[in-house]
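K.L.:
From first to last, the protein sequence lines are chains A and B. Note that the numbering used here has the first sequence beginning at 1, numbered continuously upward. Note that the numbering used here has the second sequence beginning at 1, numbered continuously upward.
Rather than coming from a laboratory, the hints here were simulated on the basis of the structure. These numbers were taken from a predicted model, which means no experiment stands behind them. Positions of the beta carbon are idealized from the N, C-alpha and C atoms, including for glycine. Among these hints, one or two may not hold up.
Said to hold, decoys possible - Quick look at which bits of chain B chain A covers, simulated, 3 or more residues with Cβ under 8 Å:
| no. | stretch |
| --- | --- |
| 1 | 97–103 |
| 2 | 108–115 |
| 3 | 161–173 |
| 4 | 193–201 |
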Amino acid sequence: MCPLWTALALGWLPLSLAVDLEPQMASITFATNNPTLTTITLEKPFCMFNASNLGNVSYEVNLYVMENSGSVRYAVIKNNRSFPINSTFQETAGGQRAPYKAASFILPQCGDLPNLDEAGDVSKVAEILSAYLVRVGDNGYCSLNPNFKGTCNPPLTRATEYRFKYVLINPSSGFVEDQTLWSQPIRTNQISPYLEIDTWPGRRSGAMIVITSILSTLVFFLLVGFAAAVIFSFVSMGSSDLETQHESQISQEVVPKAQGSSEPSYSSVNRRQSLDRAEVYSSKLQD
Amino acid sequence: EKGSPTVVGLLVLGNIIILMSGLALFAETVWVTADQYRVYPLLGVSGKDDVFAGAWIAIFTGFSFFVVASFGIGAVLCHSRGMLLTYLLLMLIVYVFECASSITSYTHRDYVVSNPALITKQMLTYYNAPTSQGQELTRFWDRVMIEQQCCGTSGPLDWVNFTSAFREATPEVVFPWPPLCCRRDANFNPLNEDGCRLGHQDYLFTKGCFEHIGHAIDSYTWGISWFGFAILMWTLPVMLLAMYYYTIL
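The task is simple: from the sequences and hints, build the whole structure.
P.N.:
Spelled out as structure tokens, the structure:
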């Protein structure tokens, strides 16, 4: 038991000197579009630094930004007298060579956190957003202005990975008091041309296939059925014509005996009359 | 055996159903062409408006079904071969047209709403573009985004992840998405412009409009294609029976 406890105690010892937390991206509820092409929105360091060290003094926090590269492990944010560095965006080529100071603000007190649920209230939203968020790359003008004094926070480069670090500054001595870890690399957004969107619908929907194939088949059946019906009726009409011809020949043989006439037109009229008569008879029979 | 009463009865019943559903199809496709959801510009701009072409054909065929089926009832009751042959011919023509309407409509629905890519691309190409098509589509999207409380096709990030005519005019730092994506108060002022620009969910419509558009086009297509399909399925046996009746007449 004893060695385990010592190991644990020793393990905690170095951590108590520096915070083992890292800057986080803001909640997606607050920033739907994060990271953007040129900005990354972070949460301010709420209760990240050990509260027991802090009195009522308002501490200052510096935010350092650096492009993600192999040298991030050796990146220093304080000089050898323990003062925080003040390098700017231009001096470090946008964080490529070394971290630069992107923002500096008063450490939010752990006691008075903004109530994030109240952000829906229009009268409070501006206050809550500024208390909760820090936008890296927000200031598009300071880098263009040669007379600009203070911390410049110019837009980041698109499609580039950045790392961030919060550093706590003691207000009375100006020394670096504490710092977070470097954050995980966060990549700025990349814009792609709309012409590259593939609009091919891909696989056809099942419904379309069902409708098309079934309907085509049905039309085919109908056409075949129609053709069959017409042909069949012609054939049967032809055969019935033959039958009626035979009948008429028979009746012609009979009729001249009765009426002494041999005109073919007359006989056909006669036949129609007899057919009509037959119809009348049959309908009477049905009744 | 001239026209057994069962066959005649079935034919009359079948044709009554056809003529009634023909009228219903007519009415429904009139509703479609009236375009209550007002999505026509969306289809018209990219030339995929044959969903509506299907509807116009179905107006014609719906009414034709009504007329021809009425005629068919007469033909069956008169036991007239000539009338029945005319009925069959006309019905066959109407049948083919109705098939065309059904298939066209559904095929073009697939082009437009089987995935959001086409509508997204079209939105990015034309929204804010200084052409007449651009104006038409800009009006369409403005109206839909306000009425449906949505933004972009799949969401506001459509405007951010792709270049667009809108992006050329408005850099992302100025406004990442059209200001009509911002939630507004009763007087139509944005609730909070900064919150909207940042993308806070209480100040920005985070839902995409594709659901609404897809729903509109789907309901049109259902009316034209599936209802037409159902009528055709019913018409087939009736016509086959009429053909049989024609052969025995």
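K.L.:
Please count how many residues of the stretch 97–103 of chain B have a CB within 8 Å of a CB from chain A and say whether that reaches 3.
P.N.:
Three-residue rule met by the stretch 97–103 of chain B, so holds; n is 3.
K.L.:
Has the stretch 193–201 of chain B got at least three residues whose CB is nearer than 8 Å to a CB belonging to chain A?
P.N.:
holds (count 6)
K.L.:
Per the coverage rule (Cβ-Cβ under 8 Å, at least three residues), is the stretch 161–173 of chain B covered by chain A?
P.N.:
This one holds; 7 residues, not fewer than the three required, reach chain A with a Cβ under 8 Å.
K.L.:
Per the coverage rule (Cβ-Cβ under 8 Å, at least three residues), is the stretch 108–115 of chain B covered by chain A?
P.N.:
With 5 residues in contact (Cβ-Cβ under 8 Å with chain A), the coverage given for the stretch 108–115 of chain B holds.
In summary, the structure agrees with every hint in the numbered list given earlier.
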